[in-house]
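Q: As a plain string of letters, each chain reads:
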Amino acid sequence: MKCFIKTLFVATILSFSPFSHGNAQGGHGPVFTLATPTLGQGELSYDAMVMTTQQDKSAWMLRQNWHYGLTEDIQLNLSVPTTLQKIDSPPQGRLGTMMGSYGDLEVSGLFRFFKTYPGIGQRLESTLLISGSVPTEDKRGGIEVGPSLHGALVTGYASRTFYAWAGGGYQYYGKQRNDQLGDITYITGVIGYRPPLFQHDYPKPDWRIFIESVTEWAGNNSKNNLEQPGTGGTKSLLGPSILGLYGKWGLSAGILFPITSISNDILPSESFRSSFVLSYWF
Amino acid sequence: MKIQIITFILGILIFLPTKTNAQLLEVKQTVYGMDCSPCAHGLEKRIKKMDGIQSASVSLNNGLLSAVLNKENKLTLEELRNAIENSGFKAQSADIVVQGSLTKGEGKSFILKVSSGEEFLLIADDQVNLDNYSDTDQLVKLSGEAEISNETGIRLTVKKINRL
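Heads up: the protein sequence lines correspond to chains A and B, in order. According to the working numbering, the first sequence is numbered sequentially starting from 1. According to the working numbering, the second sequence is numbered sequentially starting from 283.
One chain only, chain A, in its complex shape:
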């Protein structure tokens, strides 16, 4: 409990620091899943988020994400993790699909290559995400961690009432001193709804709810060039999140629970993932 309060305090203070401005996953919507964010040309935003996952024990992480709109269709992102509480073998997977895996510092580019505007308040768009990461720790679950490359594709619809995105991605970890983390393939889907009660005009408060789902296939790790069977696995997670926006401020939170898990027998299964995000736009 003390640890949780301390973590929340640190995250809150950092989110108000002069170096912080933010945007849940760099965009308008879900906490964990792929979406198609929009940031105008020359605009800058930043997130401060506290994330936790439980796999027997709890791991806590702070993430700070910077987003810059190079053009209205190209966005550059930097995601910096700070481990607040480690566990020996964190779950494989991208805790937030657009921000890097557990303990990885990630730089990414988003390219919105397709967009169309069916009407007032509506967008239909598709985005390509490419990123590279370096680990901020030497080992993860006893495996030397190398840099990684990641690519994802997402398409979706945004409007004043309904939201929906679907996408998938792949992350490949390079070898590090004869060790290699298993690769990660994933698909995500999310639907969102802004109730009429919250369809107030700008700048009144704006809230919406999402149901998010992630399915991950994690490959086996290799140690000393030998594959370690049973270290990978497949899991599907599902859960709600909310996003509140007021002027230049945003607040979001969400939790995912595993609904299926065909995983190894070596590690305890993941109990949940949750995240709390404070955002501010310049």
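Worth flagging that the hints you see were computed from the coordinates, not collected in a lab. The structure displayed is predicted, hence computed values, not measured ones. We put the CB at the ideal spot given by N, CA and C, even for glycine. Mixed in with the good hints there might be a few duds.
[Unchecked claim] Derived PhoX-like pairs: lysine-lysine, alpha-carbon spacing no greater than 25 Å straight-line:
id, chain 1, residue 1, chain 2, residue 2
1, A, Lys-204, B, Lys-330
2, B, Lys-423, B, Lys-442
3, B, Lys-395, B, Lys-356
4, B, Lys-330, A, Lys-248
5, A, Lys-204, B, Lys-442
6, B, Lys-330, B, Lys-353
7, B, Lys-372, A, Lys-248
8, A, Lys-115, B, Lys-310
9, A, Lys-115, B, Lys-327
10, B, Lys-442, B, Lys-356
11, B, Lys-390, B, Lys-372
12, A, Lys-248, B, Lys-310
13, A, Lys-248, B, Lys-331
[As the list claims (entries may be wrong)] Label pairs and their computed distance ranges (CB to CB):
id, chain 1, residue 1, chain 2, residue 2, range
14, B, Ser-341, A, Leu-197, 55 to 61 Å
15, B, Ile-405, A, Gly-132, 50 to 56 Å
16, B, Asn-343, A, Leu-70, 49 to 55 Å
17, B, Ser-391, A, Gly-132, 55 to 61 Å
[Claimed, not checked] Here are a few chain B residues that sit away from chain A, every Cβ distance over 10 Å (derived from the structure):
id, residue
18, Arg-328
19, Glu-361
20, Gly-370
21, Lys-372
22, Ser-398
Keeping the supplied structure of chain A fixed, place chain B upon it in accordance with the hints.
A: This is chain B only, laid out in the frame that chain A set:
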């Protein structure tokens, strides 16, 4: 003698024809694609920074950017629409109030010229007869609907027109 010369020069300057007061005055621009608060915030902030803007506000539910421009501004509707595109949204038609110099174009067409260099190809709606303003280079103030810009320029359907 000196006083007479100065008076003569001042007289010429006062009565020299100028192209003052030819500009965009108000814009209610329909915008597609804005779904939430940061969209509106970003666009409103970008528009307010533009030279010539007196006030601007954004409505998400109506998909509308409303802007009032300063007197003697040099802002064009095209620049406003480019700013909307740079924010990641799409400009549609706009209701505008503009004053400029009305001239006859090819055939029976009329063109409104604004001091910023922007030109509007005028189309009269049922209530307006542009032939009544067929005197060369009339300074007029009009309101109407400006269509989406294309290669040939901006077509403006005139709903109301007054001589200045």
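Q: Work down the list of hints and note, for each, if the structure agrees.
A: Quick rundown of the hints versus the structure:
Under the criterion of a C-alpha separation no larger than 25 Å, the hint pairing Lys-204 of chain A with Lys-330 of chain B is consistent with the structure, at around 19 Å. A distance of roughly 8 Å separates the Cα atoms of Lys-423 of chain B and Lys-442 of chain B; the hinted pair therefore holds under the 25 Å criterion. Taking the CA atoms of Lys-395 of chain B and Lys-356 of chain B, the gap is about 12 Å. The hint holds against a cut of 25 Å. Under the criterion of a C-alpha separation no larger than 25 Å, the hint pairing Lys-330 of chain B with Lys-248 of chain A is consistent with the structure, at around 16 Å.
For the hint linking Lys-204 of chain A to Lys-442 of chain B, the alpha-carbon distance of about 35 Å lies beyond 25 Å, and the restraint is violated. For the hint pairing Lys-330 of chain B with Lys-353 of chain B, the CA-to-CA distance comes to about 15 Å; that is within 25 Å, so the pair holds. A hinted pair counts as satisfied when its Cα atoms are at most 25 Å apart, and Lys-372 of chain B with Lys-248 of chain A qualifies at roughly 22 Å. Pair hint Lys-115 of chain A plus Lys-310 of chain B holds up; C-alpha atoms about 24 Å apart against a cutoff of 25 Å.
For the suggested pair Lys-115 of chain A and Lys-327 of chain B, the alpha carbons sit about 23 Å apart, so the restraint of at most 25 Å is met. Taking the CA atoms of Lys-442 of chain B and Lys-356 of chain B, the gap is about 23 Å. The hint holds against a cut of 25 Å. Distance check on the hinted pair: Lys-390 of chain B and Lys-372 of chain B sit about 32 Å apart at the alpha-carbon level, beyond 25 Å; violated. Among the hinted pairs, Lys-248 of chain A with Lys-310 of chain B is consistent with the structure: their alpha-carbon atoms are about 23 Å apart, no more than 25 Å.
At most 25 Å may separate the alpha-carbon atoms for a hinted pair to count; Lys-248 of chain A and Lys-331 of chain B meet this at roughly 17 Å. The hinted range of 55 to 61 Å is not satisfied by Ser-341 of chain B and Leu-197 of chain A, whose Cβ atoms lie roughly 18 Å apart. The hinted window of 50 to 56 Å between Ile-405 of chain B and Gly-132 of chain A holds, with their beta carbons roughly 54 Å apart. Evaluation of the 49 to 55 Å hint for Asn-343 of chain B and Leu-70 of chain A yields a failure: the beta carbon distance comes to about 30 Å.
Hint check: Ser-391 of chain B to Gly-132 of chain A, Cβ distance near 56 Å, so the stated range 55 to 61 Å holds. A cut-off of 10 Å between C-beta atoms contradicts the statement that Arg-328 of chain B is not in contact with chain A; the least separation is 6 Å. The Cβ of Glu-361 of chain B sits about 14 Å from the closest Cβ of chain A, beyond the 10 Å cut-off, so the non-interface label holds. Listed as a non-interface residue, Gly-370 of chain B fails to keep its Cβ farther than 10 Å from every Cβ of chain A; the least gap is roughly 4 Å.
Not every Cβ of chain A is farther than 10 Å from the Cβ of Lys-372 of chain B; the closest lies at roughly 4 Å, contradicting the non-interface assignment. The beta carbon of Ser-398 of chain B sits about 22 Å from the closest Cβ of chain A, which is more than 10 Å, so the claim that it is off the interface holds.
When held up to the earlier numbered hints, the structure conflicts with 5, 11, 14, 16, 18, 20, 21 and fits the remainder.
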